[in-house]
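Protein chains: 2
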Amino acid sequence: MEEAAAAHPYVPRDLKLPGYVPISMSMSTILAVYLGASLFVVTFVWFLLGRKKAHLDRLLMCWWAFTGLTHMVLEGYFVFSLTFQRQHFFKGDSRYAGRDSAVIAVEGITAVIEGPACLLAVYAIAKGKSYSYVLQLAISLGQLYGCLVYFITAFLEGDNFATNSFYYYSYYVGANGWWVLIPLLISYRCWNKICESANGVETKMKKKIR
Amino acid sequence: MEEAAAAHPYVPRDLKLPGYVPISMSMSTILAVYLGASLFVVTFVWFLLGRKKAHLDRLLMCWWAFTGLTHMVLEGYFVFSLTFQRQHFFKGDSRYAGRDSAVIAVEGITAVIEGPACLLAVYAIAKGKSYSYVLQLAISLGQLYGCLVYFITAFLEGDNFATNSFYYYSYYVGANGWWVLIPLLISYRCWNKICESANGVETKMKKKIR
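One line per chain: the protein sequences are A and B, in this order.
Start counting the first sequence at 1; every next residue gets the next number (full-length UniProt numbering).
Start counting the second sequence at 1; every next residue gets the next number (full-length UniProt numbering).
These are computed hints drawn from the structure, not numbers from a lab.
Hints may be right or wrong, so weigh each one.
With a straight-line cut-off of 30 Å between C-alpha atoms, the simulated BS3-like cross-links for lysine-lysine are [what the hints assert, rightly or not]:
| id | chain 1 | residue 1 | chain 2 | residue 2 |
| --- | --- | --- | --- | --- |
| 1 | B | K52 | A | K53 |
| 2 | A | K129 | B | K52 |
| 3 | A | K52 | A | K193 |
| 4 | A | K16 | A | K193 |
| 5 | B | K16 | A | K52 |
| 6 | A | K16 | A | K129 |
Here are a few chain B residues that sit away from chain A, every Cβ distance over 12 Å (derived from the structure) [claimed, not checked]:
| id | residue |
| --- | --- |
| 7 | G36 |
| 8 | L39 |
| 9 | V73 |
| 10 | I104 |
| 11 | V106 |
| 12 | P116 |
| 13 | G128 |
| 14 | L141 |
| 15 | G142 |
| 16 | F151 |
| 17 | L156 |
| 18 | F166 |
| 19 | A175 |
| 20 | N199 |
| 21 | G200 |
Heads up, the beta-carbon is just placed ideally off N, CA and C, and yes, glycines get one too.
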C-alpha cells in the first residue's frame, strides 16, 4: 500500500490512492472526444432544435445542451464510478482522484439535479414555457454555488492539487472559469426578465384597480 | 499534542483539536440567549415592520429576519472566529469544531451572501419590490444547496460527528431540518408566483398583438 502512495501522477505527491489504475487514453484523445461530441451537440441544437428561435435563444439552447450533457456524462461518470480511473485532465485537481467529499457532493448535485434541469431548460426555451427564465436562473445559481464551494474548499486546503501550472491555469482556472462567467451573465439576464414581468403584472393590476 | 486529541467532548474521539478551549457558557444559557434574541426579532418584525402587511407576508418577514440574523451572527461568528470556542450545540456536528473545509465553505457563503440577502428580503416584502419573489427563491435555493452539501459530505465521511443520539436528532437532524422544509415551501411558492407573472405578461402581449 505504501508504495502505491507515489505511483500516480497527482499532486500532492503524498496523496494516497489505493488501487490507482493509470488511464489508457491520452489526454489529447479524451479532449478530442469531448470537444468533438460537444461540437456535434451544439451543431444539432443550433440547426435543428433552435432553427425557429432568435439568435440569443439558440445560443442559450446550445449552452444548456452542452453544459447539461457535460454534467450528466462527465461529472455523473465521476460521481458514480467506483474505480480510480480518472480522466487525465483531472490532473488539474487531484481531489477528483482522491474522492474528496466536498467535490463529490458538488459533482453529485450537479450531475443528478442540474444536469437533467439543463436539458429541461433547452425544452423550456424551445417551447417558450413560462418557467423558462426562473429555471435558467435556478440552474445558474446552483452552478455558481457549486463553483464557490469548489474554489473555497480548495483554497482552505492549500490550493495544491494541480500537477503543474499548465493544468492549474488550463483546467482549474480556465475550464472552471466558464462555469462562473456564463452563469453570472445568465443569472443577471433572467433576474431582470423576471423583475420586468413582475413589474408588468403589477402595473396591469394597478390599472384594473383604477 | 497527543493528549489534546481526547481532551474535548466531540466525536469522533480521535479528532485532533489543538488549542481547544472549553466554552464557559452552558448549553442552556446559549440556547436561552439564542431563543430570546430570536423571539425579540420576530416580535419586532411582526408588530412593527410588518404591521400593514397580510399575515403570510408578515410571517415571511419574520422568517427572513430570523434566518438572516442567524446566518450573519451565529454562522458568521463561526466562519470568522479564529479560536475553537465553539457553541455547545455544535456537539451535534464536530466538523464545526474541526473546521472541516466543506462546512466552512457552506457557512461562509451562507453568512456573507445569504445573510445580508435575507435582510434585503425583509425590506423587499415590506416595500412590495418587484424582485421580492425572485430574491426569496434565490436565497431559498442557496439554503437548500448548502444543506445538501452539508448532509452529503457528512454521509460520505461516515456520519459520525454527533456526541450522542440526542445531539444527532435535536441539532443535526432537527435544527437543520427547518432549513430544508421552509426553503422548500418558499421555493415552491415563489416559483409559482414567478411563473404566474410570466404567464400574465405573455397573455398581455398576445392581446396587444391581436
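For each hint, the structure was consulted:
Only pairs whose Cα atoms come within 30 Å are accepted, and K52(B) paired with K53(A) is rejected, the gap being roughly 45 Å. For the suggested pair K129(A) and K52(B), the alpha carbons sit about 35 Å apart, so the restraint of at most 30 Å is broken. For a cut-off of 30 Å, the pair hint linking K52(A) to K193(A) stands: about 21 Å separates their Cα positions. Straight-line distance between C-alpha atoms of K16(A) and K193(A) comes to about 49 Å, which puts the hinted pair past the 30 Å bound.
Proximity of K16(B) to K52(A) is assessed by CA-CA distance (about 61 Å); at most 30 Å being required, the pair is judged violated. For the hint linking K16(A) to K129(A), the alpha-carbon distance of about 49 Å lies beyond 30 Å, and the restraint is violated. Its beta-carbon lying about 32 Å from the closest one in chain A, G36(B) satisfies the requirement of being farther than 12 Å from that chain. Every CB of chain A lies more than 12 Å from the CB of L39(B), the least distance being 31 Å, so the non-interface label holds.
V73(B), annotated as away from the interface, keeps every beta carbon of chain A farther than 12 Å; the closest lies near 21 Å. For I104(B), the non-interface assignment is contradicted: its Cβ lies about 6 Å from the closest Cβ of chain A, within the 12 Å cut-off. The Cβ of V106(B) sits about 7 Å from the closest Cβ of chain A, inside the 12 Å cut-off, so the non-interface label is violated. Against chain A, the non-interface label of P116(B) holds: every CB pair exceeds 12 Å, the least being about 16 Å.
Distance check for G128(B) against chain A: the nearest CB is about 8 Å away, which does not clear 12 Å, and the non-interface claim fails. The non-interface label for L141(B) is inconsistent with chain A: the shortest C-beta to C-beta separation is roughly 6 Å, within 12 Å. Once the 12 Å rule is applied to beta carbons, G142(B) is inconsistent with being away from chain A; the minimum gap is 6 Å. Some Cβ of chain A comes within 12 Å of the Cβ of F151(B); the nearest lies about 9 Å off, and the non-interface call is violated.
Not every CB of chain A lies more than 12 Å from the CB of L156(B), the least distance being 4 Å, so the non-interface label is violated. A cut-off of 12 Å between C-beta atoms confirms that F166(B) is not in contact with chain A; the least separation is 25 Å. For A175(B), the shortest C-beta to C-beta distance to chain A comes to about 20 Å, beyond the 12 Å cut-off, and the non-interface label holds. A cut-off of 12 Å between C-beta atoms contradicts the statement that N199(B) is not in contact with chain A; the least separation is 5 Å.
The beta carbon of G200(B) is not kept farther than 12 Å from every beta carbon of chain A, the shortest such distance being approximately 4 Å.
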